[in-house]
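S.K.: Each chain, written out:
Number of protein chains: 2
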Amino acid sequence: MDDKKLNLYTQIFETPLYELEEILEFIHPADVLDLINDESIEFDRTVFLNRLPDWFLTELMNEEEEEDKVELLNQIAQSKHKTIIEEMASDELADMIGAMDLDQRHEIIANLDDEDQQEITKLLGYDPSTAGGIMQTEFINIYDNKTVGKVLKYLREIKDDVENAYTLFVVDRENHVKGSLTLEALVTSELDEHVMDIMNPNIISVNYKMDQEEIVLEFEKYNLALMPVVDDDNKILGVITFDDVIEVMKEEATEDILQLGGVHAEETVDSSVTDTIKSRLPWLVVNLFTAFIASSVITFFSDTISQVVAVAAIMPIISGIGGNTGTQTLTLITRSIALGELDDKNLWSSWLKELGAAIFNGIVLASLTGVLSYFINQNFTLGILVGIAMILNTLVAVVAGFFIPYFLNKLKIDPAISSGVFVTACTDISGFLLILGLTSLFIERII
Amino acid sequence: MDDKKLNLYTQIFETPLYELEEILEFIHPADVLDLINDESIEFDRTVFLNRLPDWFLTELMNEEEEEDKVELLNQIAQSKHKTIIEEMASDELADMIGAMDLDQRHEIIANLDDEDQQEITKLLGYDPSTAGGIMQTEFINIYDNKTVGKVLKYLREIKDDVENAYTLFVVDRENHVKGSLTLEALVTSELDEHVMDIMNPNIISVNYKMDQEEIVLEFEKYNLALMPVVDDDNKILGVITFDDVIEVMKEEATEDILQLGGVHAEETVDSSVTDTIKSRLPWLVVNLFTAFIASSVITFFSDTISQVVAVAAIMPIISGIGGNTGTQTLTLITRSIALGELDDKNLWSSWLKELGAAIFNGIVLASLTGVLSYFINQNFTLGILVGIAMILNTLVAVVAGFFIPYFLNKLKIDPAISSGVFVTACTDISGFLLILGLTSLFIERII
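Residue numbers (the working numbering), protein chains in the order written: chain Z, 9 to 455; chain F, 9 to 455.
Mixed in with the good hints, there may be bad ones.
The list treats identical chains as one, so a pair stands whether inside a single copy or across any two.
Unchecked claim - Here are the computed lysine to aspartate or glutamate pairs in the EDC-like style, where the Cα-Cα straight-line distance is at most 20 Å:
# : residue 1 : residue 2
1 : Lys229    : Asp278
2 : Lys154    : Glu50
3 : Lys13     : Glu94
4 : Lys167    : Glu22
5 : Lys229    : Glu74
Please keep in mind that the hints were generated in silico from the structure rather than gathered at the bench.
Kindly generate the complete structure, drawing on both the sequences and the hints.
M.R.: Printed below as a string of structure tokens:
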């Protein structure tokens, strides 16, 4: 056990219960989770958790990863469940319930009071990868006719309900939202100033249907700690805070990286063997299938290969470098699409740039490959043909690497998942076809 | 011009100057930057910028991307530069100066007052990818003997210096930091409460040398809007806010994705042709070199190929699927290393899981490949050998895909940059060697 965990362990087990409350106020729940989730440390977690007050258990539940919340809850005494569930942040509760099987789900929901039931059912109805699926429904409204002093007084009164309240929303008597007010603006304004005069009437918000990737771009652009989620009539449904965004960014980046590498978006180092197989085998089988198609091109040229065996050693070089070139382009394009950096404005110029770079790189690679293969095989014509095949395949690669992700995205198919297999199928097939085709065309000059 | 931009354009050009100030308070600088940076809209940017007050220009400069700040500054009247530069957030100023060439750098620094000069020189001294290189030096200290009411009064007095102040730091008379106090805790506490009693004495901080990837993990763990950066004696040097972290996350994810795809970390769709070539050609040449090494294995078996031409069509399948299998493992391992999810505790279990999945997938792929190649070539022995080569190469792939990134990371080499070329070199060489070696061993049974 490292010092930090040991310290925490001792504090929580050895502090008398009546003093524990005060200590816990300044302990971050994430550190307690670190201790609980460290499987290398043996102790009775149920006894440990039973020492903690309900409010801290609620914070632990809010803080725990989506997929581990239920497990944590099951370690906590049944008698405390109701209180904890009622107090949990709505988005965290929805995440937990969303990860449960249907039976468990019904049981939990049935135990909630009517209002919470409605709210959770509504939250569960949103697509989890949209603003509605990420937002929490707890936010603070203040009336537009109040002064700063009054608002501060009000916040002290509702103290226990203030959490992640980086920004307050100013509403009129009919609950129409008029503006937003950050805590920073609040604490730097004079007590007698009216909320109306210091609020920001231009609220930056996101629609509840907005995809989480776009939400990240909005947060990044505006550097806000909190953004309201609105319905089609601009009514606030909930809020998203920066820490949700950090979570989404991590998730999205991991998904893109894994999918580009041919791994299922949700695989982790701790996935089971079965999940790992399920995550990877389909992709490998698809690749095997395209590899056989590419290989059939080779079969077609058996005669050429038996006459010029050297070409068998050259083929994989042409197709391999084509694959690398295509992957470079597809990686850049896929990432640019995800970041919203490729649009109709720079599509043409970035295509020209890709093409220019491919031509230059193609010439360099073709020269190197041609010269090397000339020295290896001592055959001038073959050297020339190798060079030509290389440069042409580089061009195929850049076309495939650029337009395959571009069009997949237009078709609303995630280019990170599917581009790779198409691009390398193209470069393999064309690579084999080019070098074998050219060789068979000029075979009399070679042998 | 879209509606939003048109609206902004009209507002800024047509509002009388004395009213503009008030309007600007509620316009987000990011939206103004969108307008200025949209090259498809023609208007005199210098005239436009000249209408804006200094404080708003400063916000624009703070908001603009690192690499574009100088360009923006140059469009602003020279007479305003001094004020703007003095008012810019220290981290943004350091970023701007860091991106300049040495001559410009000296000119800017020479124009600063002594204190700012010292501060900037110090900031420029930190590695840009560490906490020191990201932090801003503006943060707010409050004394530990003050009450909440006094602190609120103080914040109103220093109003203009309060920016991104999500958390305040409580210090004693000797400026030793005693605790932290979020604005949320401040506004929900009674006015006569003492700061000492409501502050959090357990400050969560990062050392100034901490790498930005680790900082992201800390923010993610603790969900804080702001974290102090401390020196080795735990003295606060500056603060990092969530928006810096969002920026870093985007940068790090992009770097990893691009590098895994063989593209330089800093390439974008808008890079020049020259930069694109520089970003990609070296990687392609390294791959060409390893492709020739792998190809030399084939050359070694020319006799075998001329006797069993079918094997030429099979080799790329074995090596290709090996490459895919290795890439899957290396992608997962590289990402897990970046997320801090792979450590000595789960190294062994995740290796066993990789191995298990590779054996299973290998058997499935080997069976498919063996059977297909049996039907294509009508040769039973060749079918068996193809299957054996496939499964063995899958094992090579998982060993390479797992341990190459693992050991590169141990050697402090970023596995995202360099693993790919090694892994595919391994699977190519071993793929060719296995199928050609086996074929030549059993050639008498095949022909």
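S.K.: The structure should be examined with respect to each hint, and the outcome stated for every one.
M.R.: Results of checking the hints against the structure:
1. Taking the shortest alpha-carbon separations for lysine 229 and aspartate 278, only the inter-copy value of 19 Å comes in at or below 20 Å, while the best intra-copy value is 34 Å.
2. Proximity of lysine 154 to glutamate 50 under the C-alpha cut-off of 20 Å is found in neither arrangement, the shortest distances being 54 Å within a copy and 44 Å between copies.
3. For a Cα distance limit of 20 Å, the shortest separation of lysine 13 from glutamate 94 qualifies neither inside one copy, at 29 Å, nor across copies, at 44 Å.
4. For a Cα distance limit of 20 Å, the shortest separation of lysine 167 from glutamate 22 qualifies neither inside one copy, at 30 Å, nor across copies, at 45 Å.
5. Proximity of lysine 229 and glutamate 74 under a CA criterion of 20 Å is satisfied inter-copy only: 14 Å between copies versus 27 Å inside one chain copy.
Hint compliance for this structure: hints 2, 3 and 4 are broken, all remaining hints hold.
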